[in-house]
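A.B. asks: Sequence:
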Amino acid sequence: MSASTGKLEARSVFLSDLHLGSPNCHAAALVDFLSTVRARKIYLVGDVIDLWWISERRARFDRHQAAVFEQLRELARRGSELIYIPGNHDRPLRELCGLVLPKMTVRRDAIHRAADGRRYLVTHGDDFDADVQSGGWQEWLGDQLYEYILAGNRITLRMRQRMGLRYWSLAAFIKRQSTLAERYIERYVQAAIGAAASRRLDGIICGHIHRPALETRNGIVYANDGDWVESLTAITEDAHGQLALVRWDGRAETLARVQAAPLLAAA
Numbered sequence: 267m268s269a270s271t272g273k274l275e276a277r278s279v280f281l282s283d284l285h286l287g288s289p290n291c292h293a294a295a296l297v298d299f300l301s302t303v304r305a306r307k308i309y310l311v312g313d314v315i316d317l318w319w320i321s322e323r324r325a326r327f328d329r330h331q332a333a334v335f336e337q338l339r340e341l342a343r344r345g346s347e348l349i350y351i352p353g354n355h356d357r358p359l360r361e362l363c364g365l366v367l368p369k370m371t372v373r374r375d376a377i378h379r380a381a382d383g384r385r386y387l388v389t390h391g392d393d394f395d396a397d398v399q400s401g402g403w404q405e406w407l408g409d410q411l412y413e414y415i416l417a418g419n420r421i422t423l424r425m426r427q428r429m430g431l432r433y434w435s436l437a438a439f440i441k442r443q444s445t446l447a448e449r450y451i452e453r454y455v456q457a458a459i460g461a462a463a464s465r466r467l468d469g470i471i472c473g474h475i476h477r478p479a480l481e482t483r484n485g486i487v488y489a490n491d492g493d494w495v496e497s498l499t500a501i502t503e504d505a506h507g508q509l510a511l512v513r514w515d516g517r518a519e520t521l522a523r524v525q526a527a528p529l530l531a532a533a
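Position in the sequence shown (first residue = 1) + 266 = our numbering.
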């Protein structure tokens with residue numbers, strides 16, 4: 267973030283798992299974050315709108331969630347190109363893949379070429395579920411438990427706000443204590459890296475599992491931009507191609523970086 271302007275100036279920004287339409291979205295924080303962004307490209311990497319929640323509970327967008335759409339429109343008006351890659355919670359919007367609108371394109375996935383020449387597969391990540399989930403009743407039970415955990419997360423957040431404490435995710439804490447969850451996440455990471463390697467790409471940028479990460483394994487960059495339900499995170503790319511994982515807590519805090527490829531950046 268620029269100290270002089272207070273803006274997050276980036277070549278590209280990657281966001282996913284906003285879950286707009288559900289009460290789990292931290293929309294007010296997301297609006298604050300988007301108001302600081304100045305980027306050439308903004309990738310919306312799936313589960314932007316939670317059509318599952320909306321269809322089952324007839325949910326509506328509150329004023330903060332409506333403001334997210336306004337902020338995205340304002341970014342497009344300022345010149346940012348929006349690339350929307352629907353996920354599993356907004357799967358019906360995949361019917362629009364290939365649609366090109368002024369300042370927005372809907373894609374099934376994308377290949378992002380960074381400023382340093384590296385190429386990244388950008389995809390939501392639900393395609394890897396078949397590789398990592400056992401399915402059936404175990405998957406259903408996991409979804410039900412997660413909804414209860416997120417309800418507890420909302421209660422915890424309200425209590426901490428009243429006490430003047432910083433944001434902390436109960437849901438993320440519980441998942442990190444679960445051996446089964448950690449095994450699932452590791453299988454997901456391996457599947458994602460394998461997908462990038464099989465296409466001879468330099469890395470992958472995805473979401474889906476609500477676990478932000480930025481690391482390099484065997485020469486392949488794995489970037490997960492996290493979510494705006496638990497983590498309040500995004501992936502950014504600077505003018506040199508360097509990737510960063512940032513978390514919003516009233517300001518953008520850098521959690522991890524992958525340096526730009528020096529030979530390509532200098533070319």
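Do not rely on the hints blindly, as some may be mistaken.
Listed next, the in silico BS3-like pairs over lysine-lysine satisfying Cα-Cα at most 30 Å (straight line) [as the list claims (entries may be wrong)]:
# : residue 1 : residue 2
1 : K369      : K307
2 : K307      : K273
3 : K369      : K273
Simulated restraints on C-beta separations [to be verified]:
# : residue 1 : residue 2 : range
4 : A522      : E448      : 14 to 24 Å
5 : E336      : L446      : 16 to 26 Å
6 : G460      : A294      : 14 to 24 Å
No wet-lab data here; the hints were simulated from the structure.
Backbone N, C-alpha and C define an ideal beta-carbon position, used for all residues, glycine too.
A.B. asks: Next, verify each hint and record whether it holds.
C.D. replies: Now the hints, each set against the structure:
1. For the hint pairing K369 with K307, the CA-to-CA distance comes to about 10 Å; that is within 30 Å, so the pair holds.
2. Taken as a hint, the K307 and K273 pair is honoured in the structure, with Cα atoms around 15 Å apart against an allowance of 30 Å.
3. A hinted pair counts as satisfied when its Cα atoms are at most 30 Å apart, and K369 with K273 qualifies at roughly 21 Å.
4. A hinted range of 14 to 24 Å for the beta carbons of A522 and E448 is consistent with their spacing of about 18 Å.
5. At about 40 Å, the CB distance of E336 to L446 disagrees with the hint of 16 to 26 Å.
6. At roughly 38 Å, the beta-carbon separation of G460 and A294 lies outside the given 14 to 24 Å, and the hint is violated.
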